Amino acid sequence: MTSKLNVGSNFTFEIPYELCDDVINRQIKLVVSDISHLAGKRILLVDDNKMNVLLAQTVVKKYKIITDTACDGSEAYKLFENNDYDLILTDVQMPVMGGVELTRLIRSGKNIKKSDVPILGVTANVIEEDRDRYLAAGMNALVLKPYSEKELIDKIASYILA
400 MTSKLNVGSN FTFEIPYELC DDVINRQIKL VVSDISHLAG KRILLVDDNK
450 MNVLLAQTVV KKYKIITDTA CDGSEAYKLF ENNDYDLILT DVQMPVMGGV
500 ELTRLIRSGK NIKKSDVPIL GVTANVIEED RDRYLAAGMN ALVLKPYSEK
550 ELIDKIASYI LA
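Counting in the working numbering, the sequence shown runs from 400 upward without gaps.
The hints are simulated quantities; they were obtained by calculation from the structure and are not laboratory data.
Treat the numbers as computed from the prediction; the structure is a model and nothing was measured.
Some hints could be false.
[Said to hold, decoys possible] Below are the DSS-like pairs computed for lysine-lysine, each with C-alpha atoms no more than 25 Å apart in a straight line:
{"hint": "1", "residue 1": "K509", "residue 2": "K549"}
{"hint": "2", "residue 1": "K460", "residue 2": "K403"}
{"hint": "3", "residue 1": "K463", "residue 2": "K477"}
{"hint": "4", "residue 1": "K403", "residue 2": "K512"}
{"hint": "5", "residue 1": "K477", "residue 2": "K513"}
{"hint": "6", "residue 1": "K463", "residue 2": "K403"}
{"hint": "7", "residue 1": "K463", "residue 2": "K440"}
{"hint": "8", "residue 1": "K477", "residue 2": "K549"}
{"hint": "9", "residue 1": "K544", "residue 2": "K512"}
{"hint": "10", "residue 1": "K461", "residue 2": "K403"}
{"hint": "11", "residue 1": "K403", "residue 2": "K513"}
{"hint": "12", "residue 1": "K513", "residue 2": "K463"}
{"hint": "13", "residue 1": "K509", "residue 2": "K460"}
{"hint": "14", "residue 1": "K449", "residue 2": "K461"}
{"hint": "15", "residue 1": "K440", "residue 2": "K513"}
{"hint": "16", "residue 1": "K463", "residue 2": "K509"}
{"hint": "17", "residue 1": "K449", "residue 2": "K512"}
{"hint": "18", "residue 1": "K449", "residue 2": "K477"}
{"hint": "19", "residue 1": "K449", "residue 2": "K463"}
{"hint": "20", "residue 1": "K440", "residue 2": "K403"}
{"hint": "21", "residue 1": "K460", "residue 2": "K449"}
{"hint": "22", "residue 1": "K463", "residue 2": "K544"}
[Claimed, not checked] Distance windows between CB atoms, simulated:
{"hint": "23", "residue 1": "S408", "residue 2": "G508", "range": "15 to 25 Å"}
{"hint": "24", "residue 1": "K460", "residue 2": "D483", "range": "49 to 59 Å"}
{"hint": "25", "residue 1": "Q456", "residue 2": "D529", "range": "45 to 55 Å"}
{"hint": "26", "residue 1": "N409", "residue 2": "L543", "range": "28 to 38 Å"}
{"hint": "27", "residue 1": "K461", "residue 2": "Q492", "range": "22 to 32 Å"}
For glycine and all other residues, C-beta sits at the position ideal for the given N, C-alpha and C.
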């Protein structure tokens, strides 16, 4: 912990856990991938919080990724039906339809190629049982809030460029 009067405090901690082989392999592939290949890719951003959408858009636009946005899963599914996306980045908990329900709906689709789109869930929830439930619904991976630009773009690239 570091603290400065009238400035604030910075708390740092580590949570020990093992990376599964899939995560390690994706990270290795990402090192050899050229991030510039993200230009022109299409992502559907789904979040009911406009600031979260703006943050994600700011990050991905630096890499010339094209985005569509939706404020809930229901709106996102309509966009998904009418467009092709390279990846979906969705908040897990939203009103009307959350990310888990959206994922289940997409995965149950008749168009196998389209329903196989990588889906990343965004959550601040660190409870392992909940995270397991999100992945069991069909999400490919989770992005934990708060995330850095590098964390987000690395995770996106690991699925789009894999």
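Would the hint linking K461 and K403 be met if the CA-CA limit is 25 Å? Given pair K461, K403 is violated - Cα atoms ~33 Å apart, limit 25 Å.
Pairwise hint evaluation, K477 against K449, where the allowed Cα distance is 25 Å at most: 19 Å, holds
Holds or violated: K449 and K463, Cα atoms, limit 25 Å. It holds: about 20 Å lies between the C-alpha atoms, which stays within 25 Å.
Within 25 Å, alpha carbon to alpha carbon, are K509 and K549? 35 Å, violated
Holds or violated: K463 to K440, with C-alpha atoms at most 25 Å apart: Holds - the C-alpha atoms of K440 and K463 are around 8 Å apart, at most 25 Å.
If I claimed the Cβ atoms of K461 and Q492 lie 22 to 32 Å apart, would that claim hold in this structure? 27 Å, holds
Is the hinted pair K463 and K509 satisfied, with a Cα-Cα distance of at most 25 Å? Not OK: K463 and K509 at ~31 Å, beyond 25 Å, violated.
Quick one: are S408 and G508 within 15 to 25 Å, going by C-beta? Distance hint for S408, G508 is violated at roughly 48 Å.
Holds or violated: K544 to K512, with C-alpha atoms at most 25 Å apart: 29 Å, violated
Given hint K461 paired with K449 - CA-CA distance at most 25 Å: 19 Å, holds
Pairwise beta carbon distance, Q456 to D529, judged against the given window 45 to 55 Å: With Cβ atoms ~26 Å apart, the hint is violated.
Can you confirm whether the C-alpha distance between K440 and K403 stays at or below 25 Å? Answer violated: K440 to K403 is near 43 Å, above 25 Å.
Figure legend: structure checked against the earlier numbered hints; hints not met, in rising order: 1, 2, 4, 6, 8, 9, 10, 11, 13, 16, 17, 20, 23, 24, 25, 26.
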